[in-house]
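Asker: Sequence:
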Amino acid sequence: MGEIEGTYRILQTPGSRLGAQKTSGVSTLEPGQNLLTAMASSPAKAHERDLPVKIRMLDNTVEVLDIESKCYGQTLLTEVYKHLNLIESDYFGIEFQNIQSYWIWLEPMKPVIKQVRRPKTTMLRLAVKFFPPDPGQLQEEYTRYLFALQIKRDLAEERLTCSDNTAALLVSHLLQSEIGDFDESEDQEHLKTNRYLPNQEKLEGKILEFHRKHVGQTPAESDFQVLEIARKLEMYGIRFHLASDREGTKINLAVSHMGVLVFQGNTKINTFNWSKVRKLSFKRKRFLIKLHPEGPYQDTLEFLLGSRDECKNFWKICVEYHTFFRLFDQPKPKAKAVFFTRGSSFRYSGRTQKQLVDYIKDSGMKRTPYERRHSKVRASTRTSNTDVPKQSVPFTEGLRTPGSPASTAAPLHSVHSLTSPTSVLPMFAEPSPSSLDPRAPYTRIADKTTAAPVEEVGRKLMQQPGSPVLQGLPVDHAQLSSLVLKSPLGLSPAFQVNAVPQGSSPLLSPVLSDAGGARIEEDDEMKRKRCPTDKAYFIAKEILATERTYLKDLEVITVWFRSAVIKENAMPEGLMTLLFSNIDPIYEFHRAFLKEIEQRLSLWEGRSNAHMKGDFQRIGDVLLRNMRTLKEFTSYLQKHDEVLTELEKATKRLKKLEMVYKEFELQKVCYLPLNTFLLKPIQRLMHYKLILGRLCKHYTAEHRDFADCRSALKEVTEMTSQLQHSLIRLENFQKLTELQHDLIGIDNLTAPGREFIREGCLYKLTKKGLQQRMFFLFSDMLLYTSKGVTGTNQFKIHGHLSLHGMLVEESENEWSVPHCFTIYSAQKTIVVAASTRLEMGKWMEDLNVAIEMAKKSTEKSEMLLENSVCNRSNIFCSLAVSPELPPRYLLGQAQRPNTITHVCWYRNQSLSLSDYLCMIQNQLSGYLLRKFKNSNGWQKLWVVFTNFCLFFYKTHQDDYPLASLPLLGYTVSCPVEADGIQKDYVFKLQFKSHVYFFRAESKYTFERWMEVIKRATSSPARSSLLLPKEKDTHTD
2 MGEIEGTYRI LQTPGSRLGA QKTSGVSTLE PGQNLLTAMA SSPAKAHERD LPVKIRMLDN
62 TVEVLDIESK CYGQTLLTEV YKHLNLIESD YFGIEFQNIQ SYWIWLEPMK PVIKQVRRPK
122 TTMLRLAVKF FPPDPGQLQE EYTRYLFALQ IKRDLAEERL TCSDNTAALL VSHLLQSEIG
182 DFDESEDQEH LKTNRYLPNQ EKLEGKILEF HRKHVGQTPA ESDFQVLEIA RKLEMYGIRF
242 HLASDREGTK INLAVSHMGV LVFQGNTKIN TFNWSKVRKL SFKRKRFLIK LHPEGPYQDT
302 LEFLLGSRDE CKNFWKICVE YHTFFRLFDQ PKPKAKAVFF TRGSSFRYSG RTQKQLVDYI
362 KDSGMKRTPY ERRHSKVRAS TRTSNTDVPK QSVPFTEGLR TPGSPASTAA PLHSVHSLTS
422 PTSVLPMFAE PSPSSLDPRA PYTRIADKTT AAPVEEVGRK LMQQPGSPVL QGLPVDHAQL
482 SSLVLKSPLG LSPAFQVNAV PQGSSPLLSP VLSDAGGARI EEDDEMKRKR CPTDKAYFIA
542 KEILATERTY LKDLEVITVW FRSAVIKENA MPEGLMTLLF SNIDPIYEFH RAFLKEIEQR
602 LSLWEGRSNA HMKGDFQRIG DVLLRNMRTL KEFTSYLQKH DEVLTELEKA TKRLKKLEMV
662 YKEFELQKVC YLPLNTFLLK PIQRLMHYKL ILGRLCKHYT AEHRDFADCR SALKEVTEMT
722 SQLQHSLIRL ENFQKLTELQ HDLIGIDNLT APGREFIREG CLYKLTKKGL QQRMFFLFSD
782 MLLYTSKGVT GTNQFKIHGH LSLHGMLVEE SENEWSVPHC FTIYSAQKTI VVAASTRLEM
842 GKWMEDLNVA IEMAKKSTEK SEMLLENSVC NRSNIFCSLA VSPELPPRYL LGQAQRPNTI
902 THVCWYRNQS LSLSDYLCMI QNQLSGYLLR KFKNSNGWQK LWVVFTNFCL FFYKTHQDDY
962 PLASLPLLGY TVSCPVEADG IQKDYVFKLQ FKSHVYFFRA ESKYTFERWM EVIKRATSSP
1022 ARSSLLLPKE KDTHTD
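Residues 2 to 1037, numbered by our numbering, are exactly what the sequence shown covers, in order.
Simulated from the structure, these hints should not be mistaken for laboratory data.
One or more hints might be untrue.
Simulated restraints on C-beta separations [stated by the list, open to error]:
no., residue 1, residue 2, range
1, 983, 650, 52 to 60 Å
2, 705, 1004, 19 to 27 Å
3, 187, 569, 29 to 37 Å
4, 191, 83, 31 to 39 Å
5, 838, 596, 51 to 59 Å
6, 248, 857, 39 to 47 Å
7, 160, 577, 36 to 44 Å
8, 983, 663, 43 to 51 Å
Distance condition first, Cα-Cα at most 16 Å in a straight line; then the derived EDC-like pairs of lysine to aspartate or glutamate [what the hints assert, rightly or not]:
no., residue 1, residue 2
9, 207, 188
10, 251, 235
11, 251, 188
12, 362, 141
13, 214, 188
14, 280, 300
15, 214, 185
16, 536, 205
17, 596, 543
18, 71, 108
19, 653, 739
20, 989, 1012
21, 698, 597
22, 663, 739
23, 214, 182
24, 71, 91
25, 193, 205
26, 765, 706
27, 291, 363
28, 317, 96
Beta carbons are placed, not taken as given, at the ideal position from N, Cα and C, and that holds for glycine.
Put together the whole structure using the sequences plus the hints.
Answerer: Now the structure itself:
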């Protein structure tokens, strides 16, 4: 009694992506057996009586297959896949409803009659079992067609919940795939006889409006669009399993490629990533998740399902998902017990995703035509090497859509290289009017005609006046609002969409697959040799890269947020005028400034007017001219304090604005807290000062560019001296407003005179032992909180201690707990422990400074900030690197997006306002090549480092990041010999077993990335900030 009935140990798979190191699981196959030989050798009587089994296919047709009455599930699966001629079969499965009416997957290793109670009368159905995060991982066009049919089924069954606009857009693509180009009468007739959505009549107008914009789109393109839209939805591939937590709260459990998910209603409140899970087990109705032990205690999570069968069913699905997505090879056989076994022996016995992808790539089998129901284009030839979307190697310039803020991203996918230079493009077996259109990706070409270059096809596509790329789709999600129709074959940059992994939050580790990643080798080396090598050129290039990122940040406010508030009419006219009249002129100035920098760099590199190259190998004149112009905008910048304050007051007063504000922060384009973007203009001035100081230090006094650079530095220094104290106040106010949203149990955190000092993780001594708590130190109080599994992703306040009369002393010897100190206050006494002695020193020092300042409460307004940070001529101090203990890492995703505060919690770190201010100088953008620890090639990405985090984009024109990597707790270093990196300018980021390599284009760029990451991820003690600093005109 009380025995665990089923256990599955999660074997370590560093990187957790295709191409990670080989890892083996456990299988029930005998040594030397594979699945087919096991089926063949299983005991079964010859000429057994046939059993008719009805199976509903994804296109809603019903097939009857005759099987032997005692055959195994694998035999039935094989027959279905053979009937469909399905190659990528491992993504699919057969499901049926049991007596309790919930769906069960047919197991390959058990006889059918032992699983299905009445096989003659039960309707089985084919369904997608494993949903990959990116449809680009599906190699076959036919597979994508079946996946689109699964999305269609999920919409009809209300499994894939989404907004009305998104649902209408999905249905419009399904219509295009099934009946072809828009015809109003035909569309209406088709919608009358076919049910796509439960509330279809209400959305019919929107569906027709969207369908009208898909003219010329082929069925294959429509399928890909359906998958691209669906995979960005939170409910993509989600199958709920009703459960409750230890407190009895009703929740839903689900599993995905990332790990085990927890929902409240339809809102995801937590994600237990596979990398953090040590073991999955079930005992009767209890489902147990054991996490890797970190900190002073071990995490074990327990959930209660409706019955033992439901619990075991969910456990089996988790085992299969982990094996399929995480393991490199098929599981190794497990030795059978001699006398008895304990618990379930169930293990996944099919191919892993990695094996499947490799099999499709390596097999030279001939693809055969397939038929689409309802489609005007009935058959499609499935070619062996041209229908697989792949990430492209070059990152070409994207195209901006007129009248739209969204820029079209560079291609994420490109056609495979053809086996012969005269190979023709893939074609449909039967041409249709749309397939003969020059916009269509499939074109019938004469055998002797050479295929047109991809770039030429792209140019022709953009010349079409009715091209979908010139039309904006008014979808209510930011990730869809700038959606541009995308070809699944990636023939043109005009048809590409930014790819964001499902479940990706700006504070989640990257889930970018390395499979099919861009490989940058000889071409990149040749480009590097042709570029200038002068350090000044790379400094100018840094200005260009960071200016591009800065302009994108401004667009979050001027374009995206403006659009959101106008659409809902949520902001009062006075506040609209105050906000946008201050930031619009700045945005327009920087648009022109960026264009001028781009032109100068183009001339410097010799890409145009090569005979005049010598006259343009400088940047000081451009900077001087624009810094003088920028001085005129100082009055606008000085109003940002008022803008932030009024915006915060309005969100508290107006519920509609508060709702729009919160919903906008959930959009992918808002990758930082919204009010952070309002600080960017003043922060940018500080960047100009630092970069100009670097240029002046590089040039000799006789250099022709030195005088202009020195004059520009003087101009920008005058502006920063006026705005420096405003920046500190704004940073403090921004942090307080951010914490107001993150904390439950306190009102008016932004009270006048209150300053934020430090936040971080400490362990509080309680009756149950040491408990993790998040502490927040302000100029007048100390708060400690905890974070549970809640729908709001906020911290709940447990204690509130006034600083008046507080005393702090070290008590390591008294309690025999490392790095322990006691806090005595008028309300209560608490004992806390830090992760390291250095961390303890930071907290005790900050607490003592804050206590002293609290004694002078009458003059505390701005005193703490001025004394602790601003007693130098420059707030940006040179920081010493301080080693810290790598802390825990488990990022959940919930209703409120994760902030850097959540990273501090999960990684057991702390940050002070001084750290946030020092972060301002340590921001960088640019192209880097990235490589995982166990992958073979390099992938080129646009990388933005800000807010202690790396954000990854395909190109600098993308509107939102693909993924992100918080760097608190990471160490940065150069690769060692054991890493096997033979390239120059490579730096290594490591946190526990997570290792990333990044390769820069030059020595200067490499040193800059190393410098900013080291400085930003090293949290100094307050004493280092209070030491006198030598006077320095600029920081290098």
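Asker: Indicate, hint by hint, whether the structure satisfies it.
Answerer: Now for the hints, and whether the structure bears them out:
Taking the beta carbon of each, residue 983 and residue 650 are about 58 Å apart, inside 52 to 60 Å as hinted. Between residue 705 and residue 1004 the C-beta distance comes to about 24 Å, which sits within the given range of 19 to 27 Å. A hinted range of 29 to 37 Å holds for the C-beta pair residue 187 and residue 569, which are about 35 Å apart. For residue 191 and residue 83, the Cβ-Cβ distance of about 32 Å falls inside the hinted range of 31 to 39 Å, so the restraint holds.
Checked against the hint of 51 to 59 Å, the C-beta distance between residue 838 and residue 596 comes to roughly 52 Å, which is consistent with it. A beta carbon spacing of about 45 Å between residue 248 and residue 857 agrees with the range 39 to 47 Å that was offered as a hint. At about 40 Å, the CB distance of residue 160 to residue 577 agrees with the hint of 36 to 44 Å. Distance hint for residue 983 and residue 663: a CB-CB separation of about 49 Å, consistent with the stated range 43 to 51 Å.
In summary, the hint linking residue 207 to residue 188 is supported, as the alpha carbons are separated by about 12 Å, within the 16 Å threshold. For the suggested pair residue 251 and residue 235, the alpha carbons sit about 19 Å apart, so the restraint of at most 16 Å is broken. Restraint check for residue 251 and residue 188: the C-alpha separation of about 42 Å exceeds 16 Å, so the hint is violated. With a CA separation close to 10 Å, the supplied pair residue 362 and residue 141 stays within the 16 Å bound.
Our distance criterion of 16 Å between C-alpha atoms is met by residue 214 and residue 188, whose separation comes to about 13 Å. Between residue 280 and residue 300 the CA atoms are separated by roughly 11 Å; this keeps the pair inside 16 Å, and the hint holds. Proposed proximity of residue 214 and residue 185 is supported: the alpha carbons are some 12 Å apart, at most 16 Å. For the proposed pair residue 536 and residue 205, the alpha carbon gap of about 60 Å is over 16 Å, so the pair is violated.
Taken as a hint, the residue 596 and residue 543 pair is honoured in the structure, with Cα atoms around 15 Å apart against an allowance of 16 Å. Restraint check for residue 71 and residue 108: the C-alpha separation of about 14 Å stays at or below 16 Å, so the hint holds. At most 16 Å may separate the alpha-carbon atoms for a hinted pair to count; residue 653 and residue 739 meet this at roughly 13 Å. For the given pair, residue 989 sits about 13 Å from residue 1012 by alpha-carbon distance, which is consistent with the 16 Å threshold.
Restraint check for residue 698 and residue 597: the C-alpha separation of about 24 Å exceeds 16 Å, so the hint is violated. For a cut-off of 16 Å, the pair hint linking residue 663 to residue 739 stands: about 12 Å separates their Cα positions. Between the alpha carbons of residue 214 and residue 182 the distance comes to roughly 9 Å, so the proposed pair stays at or under 16 Å and holds. For a cut-off of 16 Å, the pair hint linking residue 71 to residue 91 is broken: about 23 Å separates their Cα positions.
Between the alpha carbons of residue 193 and residue 205 the distance comes to roughly 10 Å, so the proposed pair stays at or under 16 Å and holds. Taking the CA atoms of residue 765 and residue 706, the gap is about 58 Å. The hint is violated against a cut of 16 Å. Restraint check: the Cα-Cα separation between residue 291 and residue 363 comes to about 38 Å, which exceeds 16 Å; the hinted pair is violated. With a C-alpha separation of about 14 Å, the suggested pairing of residue 317 with residue 96 holds against the 16 Å cut-off.
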